[in-house]
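In the order they appear, the protein sequences are chains A and B. For the first sequence, UniProt numbering begins at 1 and goes up steadily by one. For the second sequence, UniProt numbering begins at 1 and goes up steadily by one.
Some hints here could point you the wrong way.
Listed below are the simulated DSS-like cross-link pairs for lysine-lysine, each with C-alpha atoms no more than 25 Å apart in a straight line [unchecked claim]: (1) K67(B) - K187(B); (2) K186(B) - K120(A); (3) K235(A) - K251(A); (4) K228(B) - K120(A); (5) K127(A) - K227(B); (6) K217(A) - K201(A); (7) K127(A) - K201(A); (8) K235(A) - K254(A).
Simulated from the structure, these hints should not be mistaken for laboratory data. What you are looking at is a predicted structure, and each value in this text was computed from that prediction instead of being measured.
Letter by letter, the chains look like this.
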Amino acid sequence: MIRFNNVSFAYEGSEELAVRNINLHIDKGEFVGIIGPSGAGKSTLVSLINGVIPHFHRGDYYGEVLVCGKDTLESTCGEISRHVGSVFQDPEAQMVTTVVEDEIAFGLENFNVPAGEIEKRITESLKMVGIEHLRHRGTAALSGGQKQRVTIAAAIALRPEILVLDEPTSELDPQGSRQVFQTLKRLNQEYGMTILIVEQKVMLLSEFCSRLMVMEKGQIILDGPVRQVLEHHDKLLELGINCPRVVTLTKLLKDASLYDGDIPVDVDEAEQVVRKILEGAYDQHTAFDLSLR
Amino acid sequence: MKQMLEYVHGDSVIHRLNPLVKLLWAFLTCIACFISSNHLFLLGVLLSTVVVAASGSVLARAKGVYKALFILGFLLMLFQLLFTPYGRVYFYILPGVPVTDQGLSFSLLLMLRMMAALSPLSLMLMLTPMNELLTAMTHTLRIPYRYAFVVVTALRFIPTFSREMDQIMQAQRSRGHETDTRNPFKKVKVILPMCIPLLISSVRRIETMAISLETRGFNTGPRSCRKKLGFTRFDALAIIIVMAVLLLSIIIG
Ligand SMILES: Nc1ncnc2c1ncn2[C@@H]1O[C@H](COP(=O)(O)OP(=O)(O)O)[C@@H](O)[C@H]1O
Ligand SMILES: [Mg+2]
Numbered sequence: 001m002i003r004f005n006n007v008s009f010a011y012e013g014s015e016e017l018a019v020r021n022i023n024l025h026i027d028k029g030e031f032v033g034i035i036g037p038s039g040a041g042k043s044t045l046v047s048l049i050n051g052v053i054p055h056f057h058r059g060d061y062y063g064e065v066l067v068c069g070k071d072t073l074e075s076t077c078g079e080i081s082r083h084v085g086s087v088f089q090d091p092e093a094q095m096v097t098t099v100v101e102d103e104i105a106f107g108l109e110n111f112n113v114p115a116g117e118i119e120k121r122i123t124e125s126l127k128m129v130g131i132e133h134l135r136h137r138g139t140a141a142l143s144g145g146q147k148q149r150v151t152i153a154a155a156i157a158l159r160p161e162i163l164v165l166d167e168p169t170s171e172l173d174p175q176g177s178r179q180v181f182q183t184l185k186r187l188n189q190e191y192g193m194t195i196l197i198v199e200q201k202v203m204l205l206s207e208f209c210s211r212l213m214v215m216e217k218g219q220i221i222l223d224g225p226v227r228q229v230l231e232h233h234d235k236l237l238e239l240g241i242n243c244p245r246v247v248t249l250t251k252l253l254k255d256a257s258l259y260d261g262d263i264p265v266d267v268d269e270a271e272q273v274v275r276k277i278l279e280g281a282y283d284q285h286t287a288f289d290l291s292l293r
Numbered sequence: 001m002k003q004m005l006e007y008v009h010g011d012s013v014i015h016r017l018n019p020l021v022k023l024l025w026a027f028l029t030c031i032a033c034f035i036s037s038n039h040l041f042l043l044g045v046l047l048s049t050v051v052v053a054a055s056g057s058v059l060a061r062a063k064g065v066y067k068a069l070f071i072l073g074f075l076l077m078l079f080q081l082l083f084t085p086y087g088r089v090y091f092y093i094l095p096g097v098p099v100t101d102q103g104l105s106f107s108l109l110l111m112l113r114m115m116a117a118l119s120p121l122s123l124m125l126m127l128t129p130m131n132e133l134l135t136a137m138t139h140t141l142r143i144p145y146r147y148a149f150v151v152v153t154a155l156r157f158i159p160t161f162s163r164e165m166d167q168i169m170q171a172q173r174s175r176g177h178e179t180d181t182r183n184p185f186k187k188v189k190v191i192l193p194m195c196i197p198l199l200i201s202s203v204r205r206i207e208t209m210a211i212s213l214e215t216r217g218f219n220t221g222p223r224s225c226r227k228k229l230g231f232t233r234f235d236a237l238a239i240i241i242v243m244a245v246l247l248l249s250i251i252i253g
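Model the full assembly from the supplied sequences, consistent with the hints where possible.
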């Protein structure tokens, strides 16, 4: 679905490569999380997929990016947009219209979706992100979080094959962020939508994504199934990524050679692990030993 | 400023009128106000706009518009009053500067005209959804979509810029620059340096917006349209009324 062959890019006027030697393959139906410190090149990677690079930002471009089998260099941004939906970092600036429902309808009208279908999609996508009540409101008076929900609704209403989101929940509260992830998961499962999300909240990524990529200084330094990536606890901490507490716990257990299985990704799983260890410990009459540690 | 041009959602008779009818109303009323020099006619037109605002339930919002127009009109009125030396002199406000009956009548006319002619434009924007206006321009008036879009989008940026201006103003204030001043010369001196950051940030904003447009399929092919614009009895009635008002302005002069 998405393929990067040796891609490097430096923005015009900048000596440094914003991303360097990226080789990447993402299959249909994957739910990929991207995390990394600020300036790591996450937004640049996303821009390479939706065609914003090279069609809007100039610079030195090496390698090739294939989206749905086509080189993004050879199609226009508009053509790419038929396959790839985008949500950008700044919700205010990407709003095109003044009323919420018009904002959702904008892309649908551009793609010549019939009127009846547009109404259906507006209702559906507003419901999915939990803002049906804002339908007729002006976009100018919305809060940052509400604007983010609107931009997400506008993108999912188009039902793209691929959806890329660049920190779409930065202004949402934890509950709101969770709801967004649940919605994405549903789209991923129901429509097989391929999803790529840049996000700082590692807990949500580890719970919902099937694959996690960690970026640093323009490179993808870790890439794999969530559990596997979370094993690199030290590296993540070094990058300032706070691992979920259950992961930290597992890490401690592993260091103490008390556990040697997969990393649990939520509290329920962690509880099971701890229970098992404790049961095992009592079985072997080593409870005393454990408490010493 | 932003409050005066922003659409207020509703479902009144006025809201449901064809957007072109509302556009016609705003423009012809404006023209009629310039044709006529009759105080009573202008007052009547002004009152009719209040009726329109009330039936669209935007009276509260419209109050701000009337107030702003009143202040502007009042300044013009003072000017006119002091610089009309002919007619019967009531009294001298300064030595050599008379207040005359003609001056008073003229200046009053000017103020009424100002309020009656401009308020419909603002009310039209409050009572017409942008997307309907866009549809009317592209489908009925056959203006190419990209040009109609530019016009409508210019309006969309007003609240954004006014918020940005506030933010910059606050930033200046926190740095110790005085921004609250009643002196108009000082005000200009305060506002000018803010134009540069505003310009820079707007260029950036417009770039992001352009990206947003392209990634959502702007201008990639035939476009569908969410709302069909109807033409009802109310539209016909509204047009007749507007025409009658225009005719009246020509007749009474
Ligand atoms: N429009 C731009 N022009 C020039 N340099 C840029 C631009 N956008 C990003 N960069 C640079 O590219 C690098 C990667 O940035 P970015 O992809 O935005 O990182 P992230 O999204 O991970 O924070 C940074 O060093 C940044 O300064
Ligand atoms: Mg970024």
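Hints that the structure is at odds with (numbers, increasing): 2
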